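Order-wise, the sequence lines are chains E and F. Be aware that the first sequence starts at 1440, since it is given in the numbering used here, and climbs by one per residue. Be aware that the second sequence starts at 40, since it is given in the numbering used here, and climbs by one per residue.
Heads up, a few of these hints could be off.
Some residues of chain F that are not near chain E, with every Cβ distance over 12 Å (derived) [what the hints assert, rightly or not]:
| # | residue |
| --- | --- |
| 1 | Ser-44 |
| 2 | Tyr-45 |
| 3 | Val-57 |
| 4 | Met-121 |
| 5 | Leu-124 |
| 6 | Glu-186 |
| 7 | Val-196 |
Derived DEER-like restraints, expressed as beta-carbon distance ranges [said to hold, decoys possible]:
| # | chain 1 | residue 1 | chain 2 | residue 2 | range |
| --- | --- | --- | --- | --- | --- |
| 8 | F | Leu-207 | E | Asp-1837 | 48 to 56 Å |
| 9 | F | Gly-97 | E | Asp-1837 | 48 to 56 Å |
| 10 | F | Pro-50 | E | Arg-1729 | 50 to 58 Å |
| 11 | E | Asp-1798 | F | Leu-220 | 32 to 40 Å |
Chain F residues, not near chain E, derived (Cβ > 12 Å throughout) [as the list claims (entries may be wrong)]:
| # | residue |
| --- | --- |
| 12 | Leu-47 |
| 13 | Phe-85 |
| 14 | Gly-131 |
Hint data in this document are derived by calculation from the structure and do not stem from the laboratory. Keep in mind that this is a model prediction, so the values were computed, not measured. For every residue, glycine included, the Cβ atom is placed at its ideal position computed from N, Cα and C.
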Amino acid sequence: MPSRSRRTFLGMVATGSVASIAGCSSSCPDDGAPDPSHTVEPGIDSAGFETVPDGSWPLPRFDATNTGYAPVGMETTTPSVRWHADVSTSSGDGETTGASAGVVADGTVVLTTATGVVALSLRDGTEQWRRDLTPATVPSVVDLGDEPAPPVISNNRVFLATADSVTALEIGDGSVAWRNTDTVGAGVPTVTDDALFVPTTDGVARFATDDGRQQWTATADGTRLAVADSTVVIAGEKITAVDAAAGEVQWEHSDRPSGYPVVSDGTVYVSGTYGDLIGRSLTDGTEQWRLDDRRSLEFPVVTPDSVYAIERPGESSSATFAFDRVENGPPVPRWCSEINIGGAVTAAADDAVFTFQSDDGLTAFTTRLGEAVWQYPAEYQAVSLAVLDGGIVSVSPDGTVVALGGE
Amino acid sequence: MWRRSYRLAGPILGLSAVCLLVTAVPLELWPTPRPGDSYVFNPPPFSAIWVQRTLRPGLVISANALLVVGMGTVLRRDSASMSRLQRAFALGALFGAGACLLGTLLFTTAGTNDIGRELTAFLIWALAIPLVILGLVGWGAGYLRSERTRLGAALTVPPVLAVAYIGLSMAGIDFSPVGRLLVIIPTSGMALVVGYDLWTDSAVSEDR
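Please model the complete structure; the sequences and the hints are all you need to start from.
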């Protein structure tokens, strides 16, 4: 007879009773929260990175396809806090509306707050410059309410959707490169090598990155975009695909997507109305597969061979899921780890996938078998993570920016 | 022919002991990946996770079933020479062992979050295990009274050790990492001794 301690048995009975009363629980067979090998101490030993991490995280989800995956390595399994900064997030009337996701490029961390845009040094978190403006607001992906739309960076410029314009600033000193006041920002911009796409109050618009000239406006509503293979995918009340060159609607479906649409290898990953994870063809929007045997999969992070997502069944424990991507079919589960209520898979690197959860903070798992390598306890649920080659920058809803890494 | 069937039960009990002893091999000695922070859906065969999830439950079920068959053969062989009380204890032990097997089957085949099946298994074990313990002690005591010391000791010592282990564990004494061995090794020993008794008794009968 398999041995079970009395404590485990009673715990099972209690858990089963609660789950039965709650009516739902994670489908992950894992039992118990992860036990990481290393816990990051909140204090700072020496301020700043001795070696500034390489790489960049120029968009809120790394790139225009929103995969949330950076092809870099953390290079350390025992990171420490290198610096932290507090960015004011109170608006003029004292109402706090939070901070946006952070983006990183050219040794600079940029994020928006309720009253402006702030640039911090990646080396030590010191403020480089600040501009007063009112960013557009978007529904929060991790919490109730709205949050400032984050900026995006390309070719040494910071692009912003504001309440009265679309603006480009020079990353070096925050000076205005151009400002288009013919339209009003209404979502998170995204940028490719040659174009800026911004949700506006008139629809989704395309702008030239060099001078801000508006090129077209598509009649499609949404607050978050992905761009891949000359197609703009818009997540709003529906999931809509628009031709990136001409702005013509190519297809749309009533999936009521939540969060960012993710595109990888010709497949659009959408968290649908009922919590299903749906794979649609980027070309024509046809459904390729659907994961509906889990209870509400959200926040997909897509790497070349894996999909990571959080299963959030509601008022019960959540679970981080890792799936193997397969050809011609839905992703196949590889591992799962139970976490507390809530949580979000925020990013992945070559050697780790990062999950934020209430009460436990940020946990780094190995990608292959989900071993908890390290954990950074934090009382907040991060708005975003920027994963660099040797470091991580996280931003909290209240404007706390923390950089983790090795030496 | 009856003697041949008794003899077959000897190796069956030996196999039961081997199955139990394999389950006692620590997971750290099996190849990686090992059980960790996450549930792995398709672990490689013969990895520690595979052993914990697939091999061990299979071996436990097999060992249990083989034990029931073997002990049933002992009862059939010795029933005529037993007192009514000893026979009752023996039947109780076999019934309890069969119920334990059912509980183990239910538990190992329970799906994800199948709390009902798991609780049913625990309930069956809670009723069956005392029956097994009492049954074996009474059965073995009968053999001790009839001066079949080896058989008697083999049947009485393991349940007594099991009771001591469970009692001390519930009192808070931590036996890890050797706790499972305190149950597995005496049970394996019982199976080996009883199996040997069946094999040699059959051999003696054939020589006559």
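Which numbered hints turn out to be false for this structure? No hint contradicted; all consistent.
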